[in-house]
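Those protein sequence lines, which keep their order, are chains A and B.
Each residue of the first sequence is one higher than the one before, starting from 1 at the first, in our numbering.
Each residue of the second sequence is one higher than the one before, starting from 1 at the first, in our numbering.
Since the hints were made in silico from the structure, they are not lab data.
Model, not experiment: these values are computed from the prediction.
Honestly, I wouldn't trust all of these hints.
Given that identical chains are not distinguished, each listed pair holds provided it fits within a single copy or across any two copies.
Calculated pairs, DSBU-like style, for lysine-lysine (alpha carbon to alpha carbon, straight line, at most 35 angstroms) [what the hints assert, rightly or not]:
(1) K220 / K276
(2) K174 / K94
(3) K236 / K120
(4) K80 / K139
(5) K94 / K236
(6) K224 / K120
(7) K22 / K279
(8) K236 / K22
(9) K54 / K244
(10) K152 / K120
(11) K80 / K94
(12) K80 / K276
(13) K152 / K224
(14) K211 / K174
(15) K22 / K174
(16) K94 / K152
(17) K224 / K244
(18) K94 / K211
(19) K22 / K244
(20) K120 / K94
(21) K244 / K120
(22) K22 / K139
Number of protein chains: 2
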Amino acid sequence: VKLDDEIIQKEFFMQIAMVQDKIVPVEQLDPAYFDRGLYFGDGVYEVLRSYNGKIFGLDEHIERLANSLAAIEITGIDVKEIRGRVQEAFDTAKVPNVKIYFHVTRGSALRSHGWDNSLKPNFFMLISDLEEDPELKAKGVAVSVYPDIRWKRCDIKSLNLLPNVLAQQDATRKGCFEAIFLNDAGFITEGSSSAFFQIFGRTVHTTPLSKSILPSITRKFVLKAAANVGLEIVEKSIMPNQLKAVDELLLGTTTKDVIPVVEFDGQTIRDGRPGKYTKQLIEEFRLFTV
Amino acid sequence: VKLDDEIIQKEFFMQIAMVQDKIVPVEQLDPAYFDRGLYFGDGVYEVLRSYNGKIFGLDEHIERLANSLAAIEITGIDVKEIRGRVQEAFDTAKVPNVKIYFHVTRGSALRSHGWDNSLKPNFFMLISDLEEDPELKAKGVAVSVYPDIRWKRCDIKSLNLLPNVLAQQDATRKGCFEAIFLNDAGFITEGSSSAFFQIFGRTVHTTPLSKSILPSITRKFVLKAAANVGLEIVEKSIMPNQLKAVDELLLGTTTKDVIPVVEFDGQTIRDGRPGKYTKQLIEEFRLFTV
Chain A
1 VKLDDEIIQK
11 EFFMQIAMVQ
21 DKIVPVEQLD
31 PAYFDRGLYF
41 GDGVYEVLRS
51 YNGKIFGLDE
61 HIERLANSLA
71 AIEITGIDVK
81 EIRGRVQEAF
91 DTAKVPNVKI
101 YFHVTRGSAL
111 RSHGWDNSLK
121 PNFFMLISDL
131 EEDPELKAKG
141 VAVSVYPDIR
151 WKRCDIKSLN
161 LLPNVLAQQD
171 ATRKGCFEAI
181 FLNDAGFITE
191 GSSSAFFQIF
201 GRTVHTTPLS
211 KSILPSITRK
221 FVLKAAANVG
231 LEIVEKSIMP
241 NQLKAVDELL
251 LGTTTKDVIP
261 VVEFDGQTIR
271 DGRPGKYTKQ
281 LIEEFRLFTV
Chain B
1 VKLDDEIIQK
11 EFFMQIAMVQ
21 DKIVPVEQLD
31 PAYFDRGLYF
41 GDGVYEVLRS
51 YNGKIFGLDE
61 HIERLANSLA
71 AIEITGIDVK
81 EIRGRVQEAF
91 DTAKVPNVKI
101 YFHVTRGSAL
111 RSHGWDNSLK
121 PNFFMLISDL
131 EEDPELKAKG
141 VAVSVYPDIR
151 WKRCDIKSLN
161 LLPNVLAQQD
171 ATRKGCFEAI
181 FLNDAGFITE
191 GSSSAFFQIF
201 GRTVHTTPLS
211 KSILPSITRK
221 FVLKAAANVG
231 LEIVEKSIMP
241 NQLKAVDELL
251 LGTTTKDVIP
261 VVEFDGQTIR
271 DGRPGKYTKQ
281 LIEEFRLFTV
């Protein structure tokens, strides 16, 4: 990978780069050091997984990618070509259950907030073995809460993820699997990297889609599974104090699909074991993946 | 620069990387491809400049860096050492007027929201010739407005800058130099990469420091300059409609210090020329830099 002449020269004169404690000639640096994804988080990403040799929800992820790219006006890259790259690398891997991460950034350039439309986007993908943990589904997990300090366009799957990182670390410290965001008005939005569902009787509640949450692919399939098993769906945000009456809680996340939640912010839910509808949803979801 | 064994191996098995449209062996990738700064914007930065061979406000920038690092709990890097690196690279440059950009990220690792405290932070710095533009100070600039869609910790100078990028691009498209953020309540917060000041009579207004704006170093020196020239200072947010009565507007930014604003959201301010106090502030600021 060679650094573009534009970055080294432009109308430029003098540039000194330092990586860690060493002065490095700018022309020896990988273009990754000039990636707008690094300077600004100026890019979008997707995470997919495969089940038994088949990528799950590829069309949906590519469609969401197209929406994210359009929302921040990254052009000059064809999502159909990206779809092909994902399939090609997955076929090369020859491993049935993998996690696929990729991002598209606006490109590498000298640091300047505004961008030049001639920039060529950067694509990076990493496919790795999926770490399965059957205990999660069997026993369920605890979740903590964290203030939703994110920006106002959480519908864009961007690389600006520092609040999510801080929320997850806070959860880990509290011995929890995930952090659930609470907005300024005290309502639940979603998890730091998951959709969140509450079951009251035969009704599944979840936050409605808006600019405040990610249009989660897993959310879509969980709601489809819920309809299939005859549950009523209500897309409405609730507050933690309404969880006193909740019967079951669950998370939806690409790499692990449905995960039962048995503890919320220190409070055990019912008998502290995965609920019956959650178990049905896990089974119903599994049918989508075979 | 060698990729850490931890990234390549860990408890890992199979990993396939793709850069642009090429499958690349993971072990050949620069650690920059695994920088948490790239995946999450998990890092902080500073921009400094020198005037005639002397770095301006180095202590203040290093102090703010320490605050940013502490706020997101990046440890394992000594700000005194960073101060030394900045000075060393600047001395190597031997150019009197430069722009100094550097960032510190939490380090390179396999992508996972939570972090390991043993991670070694990454440091990257680029020093380049400063592009001076005397026209900006002589004629002033136009600014546009943009919704403040940023996260709720704008006091941290983090790499999560996508809203700032979108705001700047919007301004550029409108023929403006800078975008001024308006929050949900309609109040001015600050510029996308600048502090913003309004002068009414002999009073300078600017947004008070809080988690909603950056503790700008230039802001601090502009207020000091304002006090020196006998202006009253009021730290209070105002709304655009209050600008009907404004006498002068100005921006403060590290690389260009004081910039007169002669047009706000399409409305010309007074006679459309830099105001008298703004000119005094430019002169007063210059005294700090010699």
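TODO: Provide an ascending list of the numbers of those earlier hints which the structure does not satisfy.
DONE: 2, 3, 4, 5, 6, 7, 8, 9, 12, 15, 16, 18, 19, 21, 22
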